[in-house]
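**Q** So the chains spell out like this:
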Amino acid sequence: MIRHIIRKEFTDIVRDGRFRWCSILVGALLLVALGHGWVQARNAQQEHAAAQATARDHWETQGEKNPHSAAHYGIYAFKPRLALSFVDEGVDPYTGTSVWLEAHRQNDFLLRPAQDATAAQRIGVLTAAQVLQHLVPLLIILLTFGAFAGERESGTLRQLLASGIGRRELAAGKALGVSGALALMLVPAALVGAAALVVGSPGPAASPLARGVVLAGVYLAYFTVFLALSLAVSAWARSARTALVILLGVWVVNGLVAPRVAVDLSKWLHPTPSAIEFARTIEREMASGAGDISPPDRDASTERLLAEYGVEQVEDLPINAVGVYLQESEEFGNRIFDRNYSALWDTFERQGVVHETLAVAAPLLAVRTLSMGLAGTDVEQHRHFATAAETYRRDLMRRMNGDMAENSRTGDFSYAADSELWESVPPLQYAAPTLGWVLGNRILSLLVLGTWLVGTVLVAAARVRRAEVG
Amino acid sequence: MHTAESRAGHAPLLEARGLSKDYGDTRALDSLDLAIAPGDVYCLLGPNGAGKTTTINLFLGFVAPSGGQALVSGLDVSTHDRETKQQLAYIPEQVMLYRNLSGLENLEYFAALGGRGSLGRGRLADILVEAGLEPDAVDRRVSDYSKGMRQKVGIAIAMAKEAAVLLLDEPTSGLDPKASNEFSALVERLRERGVAVLMATHDLFRAKDTGTRVGIMRYGRLVTELSTDEIGHADLERIYLEHMHD
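Top to bottom, those sequences are chains A and B. When the letters of the first sequence are read in order and numbered with this note's numbering, they come out as residues 1 to 470. When the letters of the second sequence are read in order and numbered with this note's numbering, they come out as residues 1 to 246.
It should be emphasised that the hints constitute simulated quantities derived from the structure, not laboratory data. Misleading hints may appear alongside valid ones.
Unchecked claim - Here are some of the chain A residues that sit facing chain B, going by a computed Cβ distance under 10 Å: (1) K8; (2) T11; (3) V14; (4) D16; (5) S154; (6) L170.
The C-beta atom is built at its ideal place from N, Cα and C for all residues, glycine as well.
The whole structure should be built from the sequences, with the hints applied where relevant.
**A** In structure tokens, the structure reads:
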């Protein structure tokens with residue numbers, strides 16, 4: 001019996017001119033956003049690859065020079081775009097994608113890390129994620145608000161229920177009928193997205209297909225939440241107009257109010273320093289240390305080396321004491337950077353937890369977090385790359401300082417290494433996080449979205465069961 | 001025209017036993033006892049608020065009784081919602097259909113929901129014509145149907161369902177005399193097939209002409225019950241007015 005309801009609902013919706021125009025509009029926006037995102041991601045990836053190759057070439061062909069000069073010469077590292085970043089660009093536009101790796105400094109990614117780069121600032125940018133998170137739920141509301149209230153007003157609900165159909169069967173049939181109509185728009189977009197993923201993956205593979213499947217599941221769950229919510233309100237409301245007003249209110253709170261509240265509340269609960277404050281703190285601590293982290297003492301370092309090698313004069317040391325001291329300075333700086341950047345990243349993470357927690361009031365917050373995570377464009381995956389780049393920088397500095405210490409003598413400023421040393425430094429090989437790592441970081445959002453899904457379906461079932469005939 | 005004997009010996013298909021319904025402090029229906037056998041057309045007369053539609057809603061299971069029982073083929077509506085509805089067809093004052101579907105598609109849909117999904121489109125189109133719809137209207141969207149045409153689709157839905165019981169709530173209200181006569185003729189044909197009909201109406205003439213029995217309701221109570229064979233139009237009008245002025 002339910003298949004008759006599905007077929008009728010599907011036919012009814014598809015024949016409705018309002019649906020046709022709305023779905024054409026939303027579908028076109030979705031396809032344009034996917035296409036535009038994919039082209040942008042591919043171009044960015046190609047530019048990054050070209051720039052990375054150029055940077056490597058510059059590094060290898062920098063000519064003969066002292067290794068510490070080479071350390072200052074440095075090299076750029078470029079954050080790769082992951083395969084699904086064309087669906088959701090997340091915080092990428094605000095965090096930057098390249099970093100200069102040089103001696104003594106952990107540089108910021110183009111945009112200073114202390115700057116507030118929360119995702120709410122993205123409103124206004126058309127991405128596939130924006131269409132899926134905002135416009136598709138609106139379309140679901142417009143298709144579903146009259147499911148019961150409209151039938152009640154028009155009098156068809158009495159005839160339907162008099163025919164022997166149960167309220168829940170009717171609701172399930174309507175939900176599936178609406179889903180079928182939506183599938184006309186979403187399935188082609190999903191196929192285009194999958195093709196873009198398979199045929200022209202713009203980024204390094206980090207389980208892109210598995211991530212894509214989970215991402216599709218997240219959005220399906222989100223749409224089901226709106227479908228169930230719309231059915232529940234439609235079954236409860238006295239009139240179709242009331243149902244529409246309530247559901248539009250939910251849509252506004254979910255899509256516009258809650259994200260803004262989440263940004264402000266998270267900043268209030270877990271404030272971050274301004275970029276200037278952050279830079280000054282690092283500068284101050286680099287000069288005088290912080291807590292139990294003290295700057296290295298050059299004389300003490302030299303004394304230790306003299307004792308270790310059993311010689312009286314630095315000239316008699318078999319190594320360059322300056323190289324050793326420079327490495328000690330690096331390690332001191334690393335501890336200062338770790339202390340400050342860890343605190344900053346941890347603050348960002350705590351702000352993220354506030355967003356995830358507030359998703360109990362607005363499912364968009366959970367979906368947005370999951371979407372960025374699966375697309376590889378969230379703060380955590382930016383941190384993942386930043387950590388990898390910093391680890392690479394530290395290894396690079398160790399190699400330069402080590403070469404200087406081992407192959408020259410204290411006071412010998414004429415020592416110069418050549419391309420053999422530069423080429424011996426392996427390029428940065430970044431492995432993007434696995435799907436398990438991403439989902440492990442997003443347990444809270446998964447739980448909240450799951451709760452929304454189960455909760456709204458149960459509420460819809462309860463409301464539909466008690467729906468008045470009118 | 002109709003005889004009480006024709007209905008003798010049949011168990012009632014529709015029965016109310018002390019059926020009551022309260023809405024808050026208001027008693028909408030008060031201890032209604034009623035039995036309608038196959039081939040019986042029972043017309044409920046009464047002013048607005050007399051309890052006619054409440055009675056129909058109780059038989060449809062749309063509202064729960066405050067007391068008593070509503071039975072269809074001996075089954076309590078409260079506990080056998082699906083089974084009882086399978087035997088019912090319902091035609092309201094205004095048959096509301098889906099505007100984006102044709103008359104045939106509407107019938108196809110409601111017939112399928114009523115468990116008659118096996119009927120082919122050809123047979124359903126025949127039923128629509130049999131119910132009085134012009135053949136060229138069958139495949140037209142119902143958005144441009146008149147009320148009379150929609151009522152005919154309503155009758156076709158009942159015919160396709162082959163329901164044993166027909167509940168009619170002011171079915172001829174707003175219809176022109178010709179359409180009303182056509183509607184009454186269709187009800188008469190269903191009666192002849194042994195369908196039990198309960199019709200709520202304000203139309204005394206139609207009640208006398210179509211019904212086999214008439215019940216007059218007021219303030220939720222059935223105040224009198226008459227056989228249409230035993231009274232004339234004028235008698236019915238007089239008795240009705242007497243009760244309304246008590």
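**Q** If a hint holds in the structure, say so; if it does not, say that too.
**A** A quick look at each hint next to the structure:
no. : hint : in the structure
1   : K8   : 5 Å, holds
2   : T11  : 7 Å, holds
3   : V14  : 9 Å, holds
4   : D16  : 6 Å, holds
5   : S154 : 5 Å, holds
6   : L170 : 9 Å, holds
The structure agrees with every numbered hint stated previously.
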